[in-house]
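All chains should be modelled from the sequences, with the hints used to inform the complete structure.
There are 2 protein chains.
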Amino acid sequence: MSRALLDTATGTLFGVALNYQGLVDQHLAQFHEAPYKQPPVKPVLFIKTPNTRNGHDQAVTYPAGVKHLQPGPALGVVIGKNASRVSEAQALDYVAGYTIINEFSLPEDSYYRPAVKAKCRDGFCAIGPELIPRDQVKNPHALSLKLLVNGELRQENSTANFVRSIPQLIAEISEFMTLYAGDVLITGTPEGRVDVLPGDHVEVQISGLGRLINHIVAEQEASV
Amino acid sequence: MSRALLDTATGTLFGVALNYQGLVDQHLAQFHEAPYKQPPVKPVLFIKTPNTRNGHDQAVTYPAGVKHLQPGPALGVVIGKNASRVSEAQALDYVAGYTIINEFSLPEDSYYRPAVKAKCRDGFCAIGPELIPRDQVKNPHALSLKLLVNGELRQENSTANFVRSIPQLIAEISEFMTLYAGDVLITGTPEGRVDVLPGDHVEVQISGLGRLINHIVAEQEASV
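Respectively, the protein sequence lines represent chains H and Z. The first sequence begins at 1 in the UniProt record's numbering and counts up by one. The second sequence begins at 1 in the UniProt record's numbering and counts up by one.
A few of these clues could be false.
Each pair may be met inside one copy or between any two copies, as identical chains are not told apart.
Stated by the list, open to error - Here are the simulated PhoX-like cross-link-like pairs (lysine-lysine), alpha carbons at most 20 Å apart as the crow flies: (1) Lys42 to Lys117; (2) Lys81 to Lys67; (3) Lys117 to Lys67; (4) Lys67 to Lys42.
Worth flagging that the hints you see were computed from the coordinates, not collected in a lab.
See below:
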């Protein structure tokens, strides 16, 4: 049933950069230099295009010729009805439910350039395994989030460390653009991203949402 | 018939920044400074999200509280079949046809930050009035492109001044991601962008493709 619910998440995949306090703290010094001058005052958004969509237990291709590939564990928030200029107080009414995202990316040196080439490779956004309805998640801001590579814990954080809460994100984004039913907010990846290699078994766990598993394959293997 | 063809252009809207030689020339000095250090060596891409889709003869809302709104006349290339790792020599086989795009945007000071908030307001990407099939456009790299505001010519350029040709764009993008049938490449907006205001009548003409007309309305008017 929850897997069928996940099929409603067909819309735009919005990534939110820098939404973990630890990550912002790491970058603070850099943000006071040119060209940034100051830390971002609004959510920094990026898009995972439709070709990046991928699922639970699927292969993720390690592109030929790249030096690093990094998983990006994140809580996914699926929008349940069209949201335009929604207040923080009402924002959660617009949420259908939650899922796990693994937002793969080639690491970048800076935040100054559009990241399509680094973030929008085919299959670079795994989603699933299911959509848990909003009313079954007591507090989405107190979920444990873990990344395991080949069974070993490599990243661990909590959605309690969000810079912006889910209602804040929905209010700030819907202030300038309409979020549609089926759109997905990727609420941010915590600091400490790790490299993975072909052959690796990558798993994201979020408390109450299950486990999202993907297998990294080399480009040649994938095309055979 | 060509308007029905336009209905096939339902996919992702890919913007290409800095694809007119005159625009790159204007920015050359800046690109040799930090953080860029050098001019971009690959296409700089951005996404116009689905909420930006708009049509011929439709209103475009001037957002409350912004200081400048700029039209972005551009040739739109509609992909006709899925394209992955396509060579330049074969690239045009993957084109269904051409249309006019007016890619509205709030002006930005730099290219260093994801531009969702500036480029992805509701209705900020007008497309139309029709899709002209590829075989009816003799040379897509010799089209005149004009922007008129209230009947006055404000921008004029030619697709002969592209930095990257259409086959180059398709080859370079499909090298790292799949372009799907129905996706649209917005091949770039020339230098000399102008401001428009509520009440303005904005028209883009591209030789052989017709006229794409939009009306700028203030935010309050639009919501009445």
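Checked hints:
no.: 1; hint: Lys42 to Lys117; verdict: between (23 Å within a copy, 9 Å between copies)
no.: 2; hint: Lys81 to Lys67; verdict: neither (40 Å within a copy, 31 Å between copies)
no.: 3; hint: Lys117 to Lys67; verdict: within (14 Å within a copy, 31 Å between copies)
no.: 4; hint: Lys67 to Lys42; verdict: between (31 Å within a copy, 18 Å between copies)
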